[in-house]
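Work out the full structure, taking the sequences as your base and the hints as a guide.
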Amino acid sequence: MLFSEATTTSFFSLAPWLVFAPVIGLLINIIIGGRFSEKLIGAVASVASGATFIVSLLLAYSVWVGHGQGESIFLAEWIHVGSLSLDWTFRVDSLSTTMMLVVSGVGTLIHIYAIGYMHEDVRFKNDPSRFRRFFVFLNLFIAAMMILVSGDSYLMLFVGWEGVGLCSFLLIGFWFEMDTLARPSWANSNAAKKAFIVNRIGDLGFLIAGFLMFWYLGSLQFDEVFAAAPELADTQPGIIIAITLFLLVGVAGKSAQIPLFVWLPDAMAGPTPVSALIHAATMVTAGVYLIARSAPLYNLVEGAQSVVVIVGAATALFAATIAVGQYDIKKVLAYSTISQLGFMVAAVGMGAYVAGIFHLVTHAFFKALLFLSAGSVILGLERGHHLLAHAHNGGAADHDDEEEVRRTEPAEVFDPGDMRNMGGIRKTMPVTFWLYMIGSLALVGIIPFAGFWSKDEILLDASLKYPAVYWLLSTAAFFTAFYMGRQIWMVFFGTARHEAAANAQESPKIMTVPLMVLAGLSILGGLLNLPFKGFHNLGHWLEFTLGEVELLGLDPTVAGLSTLLALAAIFISWLLYGRVTLKQADRDPLKKPLGFVFTGMENKWFVDEAYKAMIVDRYTDVCRFLADVIDSRFWHDWFHEKLIVGTYNWFSNTGLNYYADQKIIDAFANGLGRTTKYLSASVRRIQNGFVRSYALSVFLGVVLILGYLILK
Amino acid sequence: MSPELILFLVLSLVAIAAAIGMLISPNPVYSALFLVINFSTVAVFYLILGAPFIAMAQITIYAGAIMVLFLFVIMLLGAEKLAPGKVLPYQKPLAIGLAIVLMVESVYAVLARNPSDAEIIVPTEAANSIDAMRDLGIMLFSDYLLPFEVTSILLLVAMIGAIVLTKRAKGEQE
Amino acid sequence: MPPINFNDIEVLLPLIILVIWACLLLLVDLFIPKKHKWLTALLAAFGLALTLGFTLSQLGSESNGFCATGKPSICMVVLDGFSVLVNALLLLTGLLGVALAYGYLKRMGIERGEYYTLMLFSISGMMLMAQASDLIIVFLALELLSLPLYVLSAFARSNSDSQEAGLKYFLLGAFSSGFILYGIALVYGATGSTSLSQIFEIASVGTSSLLLTIGAALILVGLGFKVAAVPFHMWTPDVYQGAPTPVTAFMTAGAKIAGFAALLRVFGSAFPNLSEDITPILWALSAATMIVGNLLAIAQTNIKRMLAYSSIAHTGYILMAFVPYGNPEVAPVSIAAGLFYLFAYTITNFGAWGVVIALEQKESKGLQISDYAGLRRKYPVLAGAMTVFMFSLIGFPPTLGMVGKFYLFRAVLSGGYTGLAIIGVVTSLVSAFYYLRVVVNMYMFAGEPKTDNEFWLRFTIAGAALVTVVFSLVPQGLFAWASRAVLKLF
Amino acid sequence: MIPLSWYLILSAALFSIGLFGVMARRNAIAILLGIELMFNAVNINLVAFWRYLDPTIMNGQVFAIIVFAVAAAEVAVGLALVISVYRNRKTVVVDDLDLLKW
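Protein sequences appear in the order of chains A, B, C and D.
Numbering-wise (this note's numbering), the first sequence opens with residue 1 and increments by one.
Numbering-wise (this note's numbering), the second sequence opens with residue 1001 and increments by one.
Numbering-wise (this note's numbering), the third sequence opens with residue 2001 and increments by one.
Numbering-wise (this note's numbering), the fourth sequence opens with residue 3001 and increments by one.
No wet-lab data here; the hints were simulated from the structure.
There's no promise every hint is true.
As the list claims (entries may be wrong) - Straight line, CA to CA, 16 Å or less: simulated EDC-like cross-link-like pairs of lysine to aspartate or glutamate:
| # | chain 1 | residue 1 | chain 2 | residue 2 |
| --- | --- | --- | --- | --- |
| 1 | A | K712 | C | E2111 |
| 2 | C | K2362 | C | D2452 |
| 3 | C | K2071 | C | E2201 |
| 4 | C | K2034 | C | E2111 |
| 5 | B | K1167 | C | E2111 |
| 6 | A | K533 | A | E506 |
Here it is in structure tokens:
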């Protein structure tokens, strides 16, 4: 019925299918997917995602036909209490359709790629059900993301926000039981937990912002909030600042900005398509979308905007320096993502919403391309390694004793993601090489690739509004070019540093074809918004939602300088990494000239350590104080000796081992939980099983209450 | 000092002494017997207050039926001898302290009643006790019919419960 | 003097039918052979359904029953929208309780017909509680609902845990009855009446008296004990762990609903003037309950005990709704939110206990959280349902728990109790830790859980999971019902 | 005539003693005795209030009678539970009943 209602000019009524399509897809896979072949499962999921893309296209078309007139599509009542009424309503306007197109478009390509990628995973693990699970999660993610971008109120946005967070958690921990020497299984589930906990901090900020909005503005619906905000800004500007800054906390959590970015690098523990889709192209940009969506609020308070810009720019530079010191191919890309997100946040912070969204779109193209190509490289290396293992076993091993092979081989710890194991892959995996080159050039910002145009627009805006930020971002861009150069030389040029790299094999068509599409988009993406009169397509498009925007031309100085910086950085990287092929055991050539600075980069500037020292350990101390002084001294003399034994054991085992054995990540993710748990474990000793003590507790309550009433 | 007052004080002392006796005698048989004394004294209070029916009920139900049931079970289980068990050293002092605090609080609450509380009527001479008892009966079967019926259900439930807990099914071994 | 008029019977009709049904069931059960006890269960369920029908037919009618001769305003029981809603919820609890119990009793070898009879009596006590408008009836209803629960807790006669639970529950329950009785006596002394409406009238003239306040506080203690509020909660984990699991499931929901219904009746209609004194106490109880319940749940390894602490924690959340009870501006929305939360909790809770029952083995085996490892692999539907329940208990969308918490926090905030709301939000974040542990166990660790295929149990679990999700998407109707039900009380 | 408060204080004293009994005794039956004393103390309150408030309305007395019945019902169930526990554990000492804790 929904279809018949759609007239030739307006497809708005199709909006709910944005969510229905992936949900139907995942339901099919859950219910009858057990009997499907791998291909069919992948096809169902991809078709579901593709359907979302088509719906997005139709919606975008409707907006375009209606001259940018968006529409809100009511689906059902949700919550009506007192003055608050919230519904399941989809908001279709130029901003949300842009996000829909990016998410569903890139999402569909990644679905297809994942069919090939996960096929290998399944083969390695002998568990077909995980294939199905993976695609169910992916579809769930698409559905949640669609709710996020199409929500008509902050609450609906929050539902999607939590939904994608859940999918992210599930998918980071997807390999929770995969135990290899290079990466033990607990590292995967800990990475998932870390992401979840850090994101909770951000979500708390979002929640507080939501409560404030409801409290002072009386609504959570976008239009109502924006309509009521100017008046509040006149009377109580502090509240608007608080709202925007608390929203920024949420953004920092989801979009991995300082100080909450620590989860994103660890999130690379998930399968590569996940890293590409969720942790590079779509979910992490939700924060940028949130700020762009809340533009009417941010425009009211300049102070908050400056904070956003500073956070973004600082993140951009900080993460870029860390990326220089990483050895894992995906970690480099992860820090690069953080850095690029910093660019976007800085852009939307300074009011250059078009530039921010433009960069979001092009970044989605080329970063997805880079991640997926990196995945292809990793799989290529694994295939090569696999081949070697068979060769060592006399080449007779069957696929049946896959597990056998895995168990016998760990004599040598092989990490297929370590760039020090690579080199010369240009020859063994030519297609991947060229795709990777395109992605890198787009990221580095070489004319005429997509990244050049979008990054340049951000830099131009910055040079006009915040000169200091312009220099920060330019430095970040320099580092970007440097680490990408370093990566390209180390991975693809020179000679192989490991047998596996020498024997790497090209990936199948199902993986490379989506990559080619992404590569095409990375080359041509700049056409969306060329800085020439008449070509500001995206600018005009978004104007419908964001109001009048300033359309800038090309500034030859800014463009020239940034290109020059990029080329210089690539040249330096060639001097260091490209001129001579490194040996596997070689120290990084940057280590000598930079010394401890490089050690800092290598170790992520010790942020994890600092968090442990400043937050986790202090929290532990407080808990320990409560446990030790209050609990142990106070209760123990009255209660059981067990407490002494327990505390003693805890100190000797947990306490000491804690420092000796545990990894920092582990401490961060578990510290909160474990100490709360300990606190809880000691308090529960009061529950000693004696009826009389329980009666005493009741009695104590009575006496206290009566005392309060009498003395009051 | 009026004889009424002296009677009240003596009875109070007996009642409290019996209660304390119940508290401190280690043998539950003695405890139960002390409680019987206490209940009987309280029945005299009811008489003084002009509620002869309640006094009778107190003697027959409480002191008679319930306490006999107690004694019966104590004897049945041989529960008068307790093996030394775990002790909770903090429990007693804390309980005493709290009980005294509660006592003080209640006394304060009683004495601090302000005049706006429901009017205290200077007690008239107790009505003819036969009439009073008839009034009670009428009350029980008119205004208080529902509580009366619910009480009967409550007793039925207690009966079922006691049987369920203690009756052995056929063939069930101890 | 006509002793009874038909209006009185009409007001209590569902209750009377249920009691008569229970008595008949007791007799009929004697003639049902041991092998066919399913018939008793079926008859009990049928009686509950019948009563539910009669209850729903009372929707919209309002009247008083068993009034004093010549004084039609002083009545023993009342029938209004609130009582109908609560009674319907209680009967639903009963139906779910029977569905969970049948297979379990058989499997554990403790199947006896009296189980269902006692349950029906307990429910009638709860229903009476919801309709009471006199303190005597409140007290009697409390006893009527408690006595069968004491016995049911000790129903597994060969199981030491169950026996211990029964005795502990009884001793502490009787102890707390002592307090409530003392409180009622003081209130009677301060006002000369036990009728709620009359107490309100007398208390609203003149200044508040300490005797009345203390009496009210003692009643609060007694009811706080029933709903397991800190610091009157200590019996809860022991009893919930030791009692046969279906009894626990029934207690967590039924006793809580009845306790809160009485709390609302007594404090809402008799003591709104005392709110200045009582509200801070409720505030403190609610805060302490949320904190202690959630904190102690973290350390538990036994799932029954964990859920027991979770039940304490949820008492704290619901109690939050009662904090602004004396403020007629906020109270209706807030109490309606509390009722909605009670519904959400009942459904979710029964589902979660259902899964516990499904996995429990003889001699208290299969009750560790670690026993849930590998559930996803062997029984994916069961694991999925449990995940839904855990998410609902955390308050994660899209579940009833999330909608309930939303209503609740919103009401509390609009009452101006920001501190309480913050405690609520923070403790629910903390609670994610222990609920998710169950999920992690089910999904991420390997293990060999065992369960029998019991149709009614599976049916209940699946139904509860479905309702938990579906009603979270369309909660409006229910909330509107709850709002209508409480509107007349203020 | 004896003032009302004297009765109330006597009742409070007996209630507190009963309460203390619940918390200090280890024998389940003795604890039950303490609870009975508490109920009894409340009854003194009820009857005294009845007498001093308005002796023509019998509601205090009716309440007292109902409390008797409730106390009897509680004792029946309580003693049955004690017997049942005794059969299982051969003890009536509540402190021994600590399988369930923490």
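We went through each hint and held it up to the structure:
Between the alpha carbons of A:K712 and C:E2111 the distance comes to roughly 53 Å, so the proposed pair goes past 16 Å and is violated. Restraint check: the Cα-Cα separation between C:K2362 and C:D2452 comes to about 12 Å, which is no more than 16 Å; the hinted pair holds. Straight-line distance between C-alpha atoms of C:K2071 and C:E2201 comes to about 14 Å, which keeps the hinted pair within the 16 Å bound. Distance restraint check for C:K2034 and C:E2111: the Cα-Cα separation of roughly 8 Å lies within the 16 Å cut-off, and the hinted pair is therefore satisfied.
A threshold of 16 Å between alpha carbons decides the hint, and for B:K1167 with C:E2111 the separation of about 14 Å falls inside it, so the pair holds. Under the criterion of a C-alpha separation no larger than 16 Å, the hint pairing A:K533 with A:E506 is inconsistent with the structure, at around 43 Å.
Hints 1, 6, counting from the list given before, are not met by this structure.
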